Amino acid sequence: MANKILLVEDEKSIAEGIIYNLKNEGMKVTHVDEGPIALDLFEEEHFDLVILDIMLPEISGLDICRSIRKTSNVPIIMVTARDDEVDKITGLEIGADDYITKPFSVKELISRVKAVMRRSQFSPPTNGSQKTNFADNDKIIVGDIEMSPLRYEAKVKGELIDLRPREFELLYFLCDNAGNLVSREELFDQVWGYSFVGNSKTLDVHIQRIRERIEENPKKPKRLTTIRGMGYKLIDE
Numbered sequence: 030m031a032n033k034i035l036l037v038e039d040e041k042s043i044a045e046g047i048i049y050n051l052k053n054e055g056m057k058v059t060h061v062d063e064g065p066i067a068l069d070l071f072e073e074e075h076f077d078l079v080i081l082d083i084m085l086p087e088i089s090g091l092d093i094c095r096s097i098r099k100t101s102n103v104p105i106i107m108v109t110a111r112d113d114e115v116d117k118i119t120g121l122e123i124g125a126d127d128y129i130t131k132p133f134s135v136k137e138l139i140s141r142v143k144a145v146m147r148r149s150q151f152s153p154p155t156n157g158s159q160k161t162n163f164a165d166n167d168k169i170i171v172g173d174i175e176m177s178p179l180r181y182e183a184k185v186k187g188e189l190i191d192l193r194p195r196e197f198e199l200l201y202f203l204c205d206n207a208g209n210l211v212s213r214e215e216l217f218d219q220v221w222g223y224s225f226v227g228n229s230k231t232l233d234v235h236i237q238r239i240r241e242r243i244e245e246n247p248k249k250p251k252r253l254t255t256i257r258g259m260g261y262k263l264i265d266e
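Position one of the sequence shown corresponds to residue 30 (the numbering used here), numbered consecutively onward.
Simulated from the structure, these hints should not be mistaken for laboratory data. Please read all numbers here as calculations on a predicted model, not as lab measurements. Backbone N, C-alpha and C define an ideal beta-carbon position, used for all residues, glycine too. Be aware that a few hints might be false.
Unchecked claim - Estimated spans, in silico, between C-beta atoms of each pair:
no., residue 1, residue 2, range
1, P65, I264, 19 to 29 Å
2, I256, K186, 46 to 56 Å
3, G46, S89, 43 to 53 Å
4, L70, G46, 33 to 43 Å
5, D167, R95, 23 to 33 Å
6, G208, D167, 15 to 25 Å
7, D233, K99, 22 to 32 Å
8, P65, R257, 38 to 48 Å
Stated by the list, open to error - Below, computed lysine-lysine pairings styled on BS3-like, alpha-carbon distance capped at 30 Å:
no., residue 1, residue 2
9, K52, K186
10, K52, K33
11, K41, K52
12, K41, K131
Kindly produce the complete structure, drawing on both the sequences and the hints.
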């Protein structure tokens with residue numbers, strides 16, 4: 030069955046190019062150019078991924094992302110017309126899975142869409158219709174951290190912690206490699222699904238959010254440490 034993509038983009042020429050190339054990849058694309066229509070459509074239909082422009086009339090893409098995240102973990106790729114770090118960080122903090130800056134190449138967009146779609150198979154279902162690729166024996170315990178992919182649960186000292194899908198994937202990978210140095214490049218490759226080129230603030234934001242949930246003092250982390258210039262290490266204690 031073809032993946033269903035909701036494209037929210039008010040620039041006709043850009044939308045036409047995205048639609049053409051996604052359809053060539055065998056995907057089904059529904060395009061709207063206004064935020065209110067996008068929200069109504071999202072409530073009525075099931076979509077496998079949302080491509081969401083930040084600058085939209087009436088309702089911004091950031092507000093649409095916030096609204097979607099109240100009820101769904103559907104993968105979201107934000108599109109921004111400016112190489113503005115604030116926009117990107119804000120998008121990631123409110124739950125976007127990735128971002129891409131205009132102008133972008135079709136090859137890059139398709140690569141990111143495919144990578145996010147692959148990762149979505151790891152994410153928890155929001156309507157009971159999806160299945161994960163994990164079994165009971167994939168549970169990992171590192172000190173007081175317990176990761177249960179089948180249940181899509183993470184606990185610290187027996188208490189559930191709230192993690193977004195990408196944060197869960199990052200922490201799971203770090204736990205699976207506990208005690209070892211994991212480079213930033215490896216995290217991007219294994220969790221994002223592609224070799225990352227550009228602003229690495231994406232990873233910094235997610236690492237900080239994880240620390241806020243597993244560290245007693247996130248500003249002075251002892252569990253998830255930074256190895257300057259190299260990457261990160263989750264201490265197995």
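We went through each hint and held it up to the structure:
1. At roughly 48 Å, the beta carbons of P65 and I264 sit outside the given window of 19 to 29 Å.
2. For I256 and K186, the hinted distance range of 46 to 56 Å is not satisfied, since their beta carbons lie about 25 Å from each other.
3. Under the hint 43 to 53 Å, the C-beta atoms of G46 and S89, about 22 Å apart, miss the expected range.
4. One distance hint, 33 to 43 Å for the beta-carbon pair L70 and G46, is violated here, with the actual separation near 21 Å.
5. In this structure the supplied range 23 to 33 Å holds for D167 paired with R95, their Cβ-Cβ distance being about 32 Å.
6. Distance hint for G208 and D167: a CB-CB separation of about 19 Å, consistent with the stated range 15 to 25 Å.
7. Taking 22 to 32 Å as the suggested C-beta distance range, the pair D233 and K99 conforms, at roughly 25 Å.
8. Between P65 and R257 the CB atoms are about 47 Å apart, so this pair conforms to the stated range of 38 to 48 Å.
9. Distance restraint check for K52 and K186: the Cα-Cα separation of roughly 47 Å exceeds the 30 Å cut-off, and the hinted pair is therefore not satisfied.
10. Between K52 and K33, the direct Cα distance comes to roughly 10 Å. Compliance with the 30 Å bound is thereby established for this hinted pair.
11. Restraint check: the Cα-Cα separation between K41 and K52 comes to about 16 Å, which is no more than 30 Å; the hinted pair holds.
12. Straight-line distance between C-alpha atoms of K41 and K131 comes to about 14 Å, which keeps the hinted pair within the 30 Å bound.
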